[in-house]
Each structure stands twice: as structure tokens, then as C-alpha cells.
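Going by this note's numbering, 59 is the number at position 59 of the sequence shown; the sequence numbering is gapless.
Please note that a few of the clues may not be correct.
[Said to hold, decoys possible] Taking CB as the label site, the calculated pair distances span:
id: 1; residue 1: 22; residue 2: 72; range: 15 to 25 Å
id: 2; residue 1: 14; residue 2: 79; range: 14 to 24 Å
id: 3; residue 1: 98; residue 2: 76; range: 30 to 40 Å
[As the list claims (entries may be wrong)] Simulated crosslink set (BS3-like; lysine-lysine; CA at most 25 Å straight-line):
id: 4; residue 1: 24; residue 2: 87
id: 5; residue 1: 45; residue 2: 102
id: 6; residue 1: 95; residue 2: 12
id: 7; residue 1: 45; residue 2: 32
id: 8; residue 1: 95; residue 2: 32
id: 9; residue 1: 37; residue 2: 24
id: 10; residue 1: 102; residue 2: 32
id: 11; residue 1: 12; residue 2: 28
id: 12; residue 1: 28; residue 2: 95
id: 13; residue 1: 28; residue 2: 45
id: 14; residue 1: 37; residue 2: 102
These are computed hints drawn from the structure, not numbers from a lab.
Each residue gets a CB set at the ideal place from its N, CA and C atoms; glycine is no exception.
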Amino acid sequence: MAEFFDRYQQFKDNGQVKNVPFIKIPEKSTDKRIIYKEGFTRFDKLSQEFYNNPTSGFLIMLANPQFGGLEFDIPDGTIIRIPFGFKETIEQYFKDVDDFLKL
Numbered sequence: 001m002a003e004f005f006d007r008y009q010q011f012k013d014n015g016q017v018k019n020v021p022f023i024k025i026p027e028k029s030t031d032k033r034i035i036y037k038e039g040f041t042r043f044d045k046l047s048q049e050f051y052n053n054p055t056s057g058f059l060i061m062l063a064n065p066q067f068g069g070l071e072f073d074i075p076d077g078t079i080i081r082i083p084f085g086f087k088e089t090i091e092q093y094f095k096d097v098d099d100f101l102k103l
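Start from the sequences and build out the full structure, keeping to the hints where you can.
Shown next, in the form of C-alpha cells:
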């Protein structure tokens, strides 16, 4: 069964979402790569395919910071890194968020 993680849980304060910091997803030897096909590739679908949930496309975006935050800015034919090992990736993300919030 798919797991859902509320990416914003640590940034909520009295029902308001505070600024979410950029957290870079480090590269791992288990990461996957795909070729981006303009008009066809969507991060929610990649998230479903690789993580068994459609809500974790933000991890793929964070792993490819050279494109800012928009899928629409990715050139056709670009190789996209998909952080793989979902459990390890999401745990590292939340650890890095915790570390950031302690600053």
C-alpha cells in the first residue's frame, strides 16, 4: 500500500504554512535515471511508478535543482535523476528538514 507523507507537517504553525526551505537530495548509487519527454513526463506519474504514490514528485524535483521548481522548464531529452530507495530518501529529507529547523 502507498504511504503518504505530509511534506509540510514540520512547517505548519497555527494552520499556516511557513516558508519551506530548499533541501537538496544527495545522490545515491541506487538512484534511477529517466529521459524527460516534454509533454509526457510528469513527476506525479514518476512518483507513482517509482514510489507507489503520486504525491512525492517533490523529491524528484529536489534531486534536480538545476530546473528550479517547474517541470515545464525541463528541456526535452534531459536525463532526470530519481532518488531511489524511497524509505531512505524520505527519512533523509525529514532529517535534513529537522536539522535546518534547528538552525
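Now the hints, each set against the structure:
1. Range check, residue 22 to residue 72: about 19 Å between beta-carbon atoms, so the 15 to 25 Å window is met.
2. For the hinted restraint 14 to 24 Å between residue 14 and residue 79, the CB-CB distance of approximately 42 Å leaves it violated.
3. Under the hint 30 to 40 Å, the C-beta atoms of residue 98 and residue 76, about 37 Å apart, fit the expected range.
4. For the given pair, residue 24 sits about 16 Å from residue 87 by alpha-carbon distance, which is consistent with the 25 Å threshold.
5. For the suggested pair residue 45 and residue 102, the alpha carbons sit about 33 Å apart, so the restraint of at most 25 Å is broken.
6. Under the criterion of a C-alpha separation no larger than 25 Å, the hint pairing residue 95 with residue 12 is consistent with the structure, at around 17 Å.
7. Using a Cα cut-off of 25 Å, the hinted pair residue 45 and residue 32 holds, with the two alpha carbons roughly 15 Å apart.
8. Restraint check for residue 95 and residue 32: the C-alpha separation of about 22 Å stays at or below 25 Å, so the hint holds.
9. Proposed proximity of residue 37 and residue 24 is supported: the alpha carbons are some 23 Å apart, at most 25 Å.
10. Taken as a hint, the residue 102 and residue 32 pair is broken in the structure, with Cα atoms around 31 Å apart against an allowance of 25 Å.
11. Proposed proximity of residue 12 and residue 28 is contradicted: the alpha carbons are some 30 Å apart, above 25 Å.
12. For the hint linking residue 28 to residue 95, the alpha-carbon distance of about 16 Å falls within 25 Å, and the restraint holds.
13. For the suggested pair residue 28 and residue 45, the alpha carbons sit about 21 Å apart, so the restraint of at most 25 Å is met.
14. For the hint linking residue 37 to residue 102, the alpha-carbon distance of about 39 Å lies beyond 25 Å, and the restraint is violated.
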